[in-house]
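Chains A and B, in that order, are what the protein sequence lines are. Going by this note's numbering, the first residue of the first sequence is number 97, and it counts up by one from there. Going by this note's numbering, the first residue of the second sequence is number 1345, and it counts up by one from there.
Careful, some of the hints might be misleading.
[What the hints assert, rightly or not] Below, computed lysine to any residue pairings styled on SDA-like, alpha-carbon distance capped at 25 Å:
no.	chain 1	residue 1	chain 2	residue 2
1	A	K104	B	Q1489
2	B	K1452	A	Q271
3	B	K1513	A	K104
4	B	K1463	A	N100
5	A	K206	B	G1358
6	A	K104	B	E1530
7	B	K1415	A	R285
8	B	K1415	A	V196
9	A	K206	B	K1452
10	B	K1463	A	I352
11	B	K1452	A	L102
12	B	K1415	A	K104
13	B	K1415	A	N100
14	B	K1464	A	K206
15	B	K1464	A	L102
16	B	K1513	A	Y209
17	A	K206	B	K1463
18	B	K1464	A	L197
19	B	K1513	A	I352
20	B	K1452	A	D287
21	A	K104	B	I1396
22	B	K1513	A	N227
23	A	K206	B	K1513
24	B	K1463	A	H253
25	B	K1464	A	L203
26	B	K1452	A	A245
27	B	K1463	A	D287
28	B	K1415	A	L197
29	B	K1452	A	I105
30	A	K206	B	Q1489
31	B	K1452	A	N297
32	B	K1463	A	M391
33	B	K1513	A	R285
34	B	K1463	A	F300
[What the hints assert, rightly or not] Here are some, though not all, of the chain B residues that point toward chain A, as calculated from beta-carbon distances under 7 Å:
no.	residue
35	T1398
36	P1410
37	G1413
38	R1426
39	Q1429
40	N1430
Don't read these hints as lab results, they were simulated from the structure. Beta carbons are placed, not taken as given, at the ideal position from N, Cα and C, and that holds for glycine.
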Amino acid sequence: MKNNRLIKILVLIVILVAAALYPIVVQRGYYQHLAVMGCIYTLLASSLNLIVGYTGQLSLGHAAFYGVGAYTSALLTLRLGWPVWAGMLGAMVMAGVFGVLLGTPTLRLKGSYLVIATLGFGEIVRLVLLNWMSLTRGPMGLTGITRLAPWAVTKAHYFWVYFPIAVIVVVLLNQLVNSRTGRALKAIREDQVAAEVMGINLAFYKVLAFTVGAVIAGLAGSLYVHYVTFVSPDSFPVAESIQILVMVIVGGMGTIAGPIIGAFGIVFLLETMRALAEYRMVIYGITLFVVIVLMPDGFMGAVRRVSSILLQRGVRHAPAGD
Amino acid sequence: MRLLETKQLTIRFGGLTAVDHVDLVVNKGEIVGLIGPNGSGKTTIFNMVTGIYTPTEGEILFGGQPIHGAKPHVITERGISRTFQNIRLFQSLSVMENVLIGCHCRMKQNFFDDLLATKKFLHEESQARRTAIELLDVFGLLDLQHETARNLPYGLQRKLEIVRALASKPELLLLDEPAAGMNPQESLALMALIRQVRDRGVTVLLVEHDMKVVMGICERIAVLNYGRKIAEGTAAEIQSNEEVIQAYLGRQAKTGA
């Protein structure tokens, strides 16, 4: 047990050092840009995973929280002159409010009905952003958004800030899913009736999952706008929600590492395939198809299966989620 | 002392009266059986007592306080827990996690304690783990604590469901056909287990079709037919009741089949 923890900490240190060195080793700004986007998508995929993978509530509205966070942070800094860190907090709070707004009315919905409701929610948010001209300037978007900080000039600077933020969020999520709260969410995913009879307040924990997921997505939105310094409703279509969901599924639902692998994997995969020009989306589609057929539980599911075979079906030695 | 009492308990689904003015009393420390043909309303009574259904009419009192209409999680917190006729474990979670989820309503930390791993989180978590280990040990499941629930053999899954229910520290445990699918040896072991549960101070209300189990351990038995209570009494009284024999037991029951 102690040994296990030591190994985990060592692995974490190695990852952190490697990440810190990445922008120095990889000098091309373009690949540094991908790494920054990888961090943002890690936040998005990990937070959606809390809702979909751990609580079992399939949602196609995650881009809405991302958009709400992005616009809140942009407007607070642009119009009210708030400092960037306050904009971030504002984005998280506002996205959290939207999480409650989506989570509460959908309490009674299950399966496909829930999916349709979240889809509708995502569209409503996008259309409001598009049409509320006086606030959002509609399709023209908001330009000249404050940069993260005066000293944040290169993409490497952004990476050195965003990567630790992503790490902190993932560590907190890891703590959360292995606690009383996390077990309650998993119980809801496994069997709602049994969860309720075991003393779990269904309404509270479902809304909690949506809210926490939304807060993190709102943070991602804020990080995004202070990086690209421009925002328009085009960034938050339904396709974006689907993209985030694909990252969660390909990486492995209900695991901590899965969405991270999915986020970085898909960001880099999509970009390295730009050379394929018009064949890009075709190849991307085929790749996703093959990945899902070969690894139905996502990448982490495959890893788990292979390692349990290697351990001679040593089921008892497997770290069973605690 | 009356622990659970239903007064004129009734529920209708459309035109069907599934439970019809049933008065039932369970005293503290008893093992009470609820029997009757399929569809006579036994599980429906369980569902009303645990808050899954709200009764159309009548009252449910637990420790003298009304609980009908309360949410299931509130009722669990009050001290009623149950198992299900068709096992409802958290299949893809470990045995340990299943039992820890049972401890949920007795743990006092809040969301932020969980998120930030505060002292309170550590304390509550180790306390819950101790409870879980103790229970798993008593019921012989401790070696399997890391196993995924779905991988347990049927009999052990039934056992785990009882352990999970006990983890919420109930005063009253409702068992819905615990012997279903068990062979005679397993049923005998189950009877011992239920007595063991009662000796821990937990009152038991039991729905069961296996008459050996019911007659063997229940101090009192209530019989339902078409949603109505047609008899109540000791095993001997029930076995010689003409109406019960007609409706449910049949002639063989007298010889103890």
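For each hint, the structure was consulted:
1. Annotation: proposed proximity of A/K104 to B/Q1489 holds, straight-line Cα distance about 22 Å (limit 25 Å).
2. Distance hint between B/K1452 and A/Q271 is fulfilled; the C-alpha atoms sit about 17 Å from each other, no more than 25 Å.
3. Pair hint B/K1513 plus A/K104 does not hold up; C-alpha atoms about 35 Å apart against a cutoff of 25 Å.
4. A C-alpha spacing of about 22 Å is found between B/K1463 and A/N100, which places the hinted pair at or below 25 Å, so the restraint holds.
5. For the hint pairing A/K206 with B/G1358, the CA-to-CA distance comes to about 24 Å; that is within 25 Å, so the pair holds.
6. Proximity of A/K104 to B/E1530 is assessed by CA-CA distance (about 43 Å); at most 25 Å being required, the pair is judged violated.
7. Between B/K1415 and A/R285 the CA atoms are separated by roughly 19 Å; this keeps the pair inside 25 Å, and the hint holds.
8. For the proposed pair B/K1415 and A/V196, the alpha carbon gap of about 21 Å is at most 25 Å, so the pair holds.
9. Proximity of A/K206 to B/K1452 is assessed by CA-CA distance (about 30 Å); at most 25 Å being required, the pair is judged violated.
10. This hinted pair checks out: B/K1463 and A/I352 have alpha carbons roughly 24 Å apart, not beyond 25 Å.
11. Of the pairs offered as hints, the one joining B/K1452 and A/L102 is violated, with about 30 Å between alpha carbons and a cut-off of 25 Å exceeded.
12. About 41 Å separates the Cα atoms of B/K1415 and A/K104, which puts this hinted pair outside 25 Å; it is violated.
13. At most 25 Å may separate the alpha-carbon atoms for a hinted pair to count; B/K1415 and A/N100 exceed this at roughly 41 Å.
14. The suggested pairing of B/K1464 with A/K206 is violated, with an alpha-carbon distance near 34 Å, which exceeds 25 Å.
15. With a C-alpha separation of about 24 Å, the suggested pairing of B/K1464 with A/L102 holds against the 25 Å cut-off.
16. For the hint linking B/K1513 to A/Y209, the alpha-carbon distance of about 36 Å lies beyond 25 Å, and the restraint is violated.
17. For the proposed pair A/K206 and B/K1463, the alpha carbon gap of about 37 Å is over 25 Å, so the pair is violated.
18. With a C-alpha separation of about 30 Å, the suggested pair B/K1464 and A/L197 falls outside the 25 Å cut-off, and the hint is violated.
19. At most 25 Å may separate the alpha-carbon atoms for a hinted pair to count; B/K1513 and A/I352 exceed this at roughly 32 Å.
20. Between the alpha carbons of B/K1452 and A/D287 the distance comes to roughly 23 Å, so the proposed pair stays at or under 25 Å and holds.
21. In summary, the hint linking A/K104 to B/I1396 is not supported, as the alpha carbons are separated by about 43 Å, beyond the 25 Å threshold.
22. Distance check on the hinted pair: B/K1513 and A/N227 sit about 55 Å apart at the alpha-carbon level, beyond 25 Å; violated.
23. Between A/K206 and B/K1513, the direct Cα distance comes to roughly 31 Å. Violation of the 25 Å bound is thereby established for this hinted pair.
24. For a cut-off of 25 Å, the pair hint linking B/K1463 to A/H253 is broken: about 36 Å separates their Cα positions.
25. A threshold of 25 Å between alpha carbons decides the hint, and for B/K1464 with A/L203 the separation of about 30 Å lies outside it, so the pair is violated.
26. With a C-alpha separation of about 41 Å, the suggested pair B/K1452 and A/A245 falls outside the 25 Å cut-off, and the hint is violated.
27. Between B/K1463 and A/D287 the CA atoms are separated by roughly 30 Å; this puts the pair beyond 25 Å, and the hint is violated.
28. At most 25 Å may separate the alpha-carbon atoms for a hinted pair to count; B/K1415 and A/L197 meet this at roughly 22 Å.
29. For the proposed pair B/K1452 and A/I105, the alpha carbon gap of about 29 Å is over 25 Å, so the pair is violated.
30. A distance of roughly 31 Å separates the Cα atoms of A/K206 and B/Q1489; the hinted pair therefore is violated under the 25 Å criterion.
31. Our distance criterion of 25 Å between C-alpha atoms is met by B/K1452 and A/N297, whose separation comes to about 14 Å.
32. With a C-alpha separation of about 40 Å, the suggested pairing of B/K1463 with A/M391 is violated against the 25 Å cut-off.
33. For the hint linking B/K1513 to A/R285, the alpha-carbon distance of about 24 Å falls within 25 Å, and the restraint holds.
34. A hinted pair counts as satisfied when its Cα atoms are at most 25 Å apart, and B/K1463 with A/F300 qualifies at roughly 24 Å.
35. Here the hint on B/T1398 is broken, as its CB sits about 14 Å from the closest CB of chain A, past 7 Å.
36. Annotation: B/P1410 was flagged as interfacial toward chain A, and the flag is violated, the nearest CB pair being 19 Å apart, outside 7 Å.
37. For B/G1413, the interface hint is violated, since its Cβ never comes within 7 Å of a Cβ in chain A; the closest pair sits about 15 Å apart.
38. With 7 Å as the threshold, the beta carbon of B/R1426 comes within range of chain A, its nearest partner Cβ sitting at about 6 Å, so the hint holds.
39. At its closest, the beta carbon of B/Q1429 sits 12 Å from a beta carbon of chain A; the interface hint therefore is violated under the 7 Å criterion.
40. The beta carbon of B/N1430 is not positioned within 7 Å of any beta carbon in chain A (closest approach about 11 Å), and the interface hint is therefore violated.
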